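Participant: So you can see what is in the structure, the chains are spelled out below.
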Amino acid sequence: MDEARRARLTDWLRAASGDPTLVIEKMALLSGGAIQQNWAVDVSDGRAWVLRTDNAATLAVSHGRAQEFALLRAAFAAGVTVPEPLFLCEDAAVTGAPFFLMRRVAGTAAAHRVVKSETLGGGREACVRALGRELARIHTIRPPRVDLAFLGEPPVDACRAFVADQRAALDRQRTPRPVLEWGLRHLERTAPPPVPVTLCHNDFRTGNIMLDEQGVTAVLDWEFSLWGDPHADLGWLCAKCWRFGSDAQEAGGIGPRAALYEGYGEVDDARVRWWELGAHIRWASIAVDQAERHISGVERNLELALTGHMVPGLEWEILRMVEARDAE
Amino acid sequence: MLSEEPEAADLLATAREVLLNELLPALPPDKAFAARMVANAMAIAARDAAQDAWEPETLARMAALAGDPRAFAAAIRAGRFDPGTPDHGAAAALLDDLTRARCVVSAPRALGKG
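Residue numbers (the UniProt record's numbering), protein chains in the order written: chain L, 1 to 328; chain H, 1 to 114.
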């Protein structure tokens, strides 16, 4: 961030915080996602903040900064362990893009480290029990909510809405995907009846949850949240494709499924399994889209290119899951 | 027959060994991830170069069942190959075979190999 932007940011923060003597002591780019940039901002009087803003190329399905800020506020108020949201700036003239600030939280989210650790999050069982409690708190947020109006009308039947949304996503893609269609048709045939919808984080998985040795320090990455079936979040976390090679630990590669369910409260396991198949289909479709950004030239990038080659492995898993479920 | 050996798969595999055994240990830690991605890309490309042509036979089986891949996908969506339909087994076997062939290049570990 150049001097002029930093000066404008300082002025804006002084007004937002009501502290006319505020000084930015240090700014450093943290390892951000493909979509956002996160900056560590050290502010006078020992205040440690994070500034979150958009990258140039943004996925159409993700929420903007203002929406993410509203979600963070709702989650914080519901007792979810999230970084406290501080200030939102929707004026792109300050730094070049909308941004918000939140309190900086310590911990690690790196998936491959998390699944290997016996102690992070307070140990495997304690950690997934805590993750169950976090999800239960997220799912206390229910429609209607004026502050979350941007999420749109809640679906009457979240399972059927998921199938329809995934088919629409496939219809937007360049190449037909018979295996993903096979999985979606199975989901359509076996969809459970609707349940009352709640807020779903919709990307609640290892890698997006920050931990220290004591427990969960932050649930991150709220940009895909929507009104849906709460079991979708449990299914996304438990899906084999998000266990990062630690397959025996069914809750996110971190700990046992039973402990997650205990932490959560009442769980309909059959619904969770339905959503686990859905998770593989959704991730495969996202992977296709990410690779397409590379292939189309929108963003030439080796990581995006390799993500496309994850699709066949996910398809193989989808075929095995459908086969096993049809044999039941 | 007329092109010079070693061929693409051999070159890629050999270059990948150099990358992993000689270059990676000498790289600063923050470049290890990028180097591993390059090694992964080379492994996929090498398997791709070594794979026999499987698509014509697969496309012929698909054509006999439903048509081109788009028609096949649409027929699956419409329920034409649901369990209990006459061609369910043939469609499932075709999906298995084409996915196995795709995994041989992209994700051999999914098949319990590599």
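You may find that some hints are simply not true.
Said to hold, decoys possible - Pairs of lysine-lysine, DSSO-like flavour, derived with a Cα cap of 27 angstroms:
1. L:Lys116 - H:Lys31
2. L:Lys240 - L:Lys116
3. L:Lys26 - H:Lys31
Said to hold, decoys possible - Covered stretches of chain L, as calculated for chain H (at least 3 residues, CB under 8 angstroms):
4. 178-186
5. 260-274
Bear in mind the hints are in silico, worked out from the structure with no lab data behind them.
What you are looking at is a predicted structure, and each value in this text was computed from that prediction instead of being measured.
Cβ atoms here follow ideal geometry from the backbone N, Cα and C, with glycine treated the same way.
Participant: Against each hint, give a clear statement of whether it holds in the structure.
Facilitator: Quick rundown of the hints versus the structure:
1. With a C-alpha separation of about 22 angstroms, the suggested pairing of lysine 116 (chain L) with lysine 31 (chain H) holds against the 27 angstroms cut-off.
2. A hinted pair counts as satisfied when its Cα atoms are at most 27 angstroms apart, and lysine 240 (chain L) with lysine 116 (chain L) qualifies at roughly 16 angstroms.
3. Only pairs whose Cα atoms come within 27 angstroms are accepted, and lysine 26 (chain L) paired with lysine 31 (chain H) is accepted, the gap being roughly 25 angstroms.
4. Coverage of the region 178-186 of chain L by chain H holds [criterion: at least 3 residues with CB-CB distance below 8 angstroms; count 6].
5. Coverage of the region 260-274 of chain L by chain H is violated in this model, with 0 residues showing a Cβ closer than 8 angstroms to a Cβ of that chain against a need of three.
In the structure shown, a violation is registered for the earlier hint numbered 5 alone.
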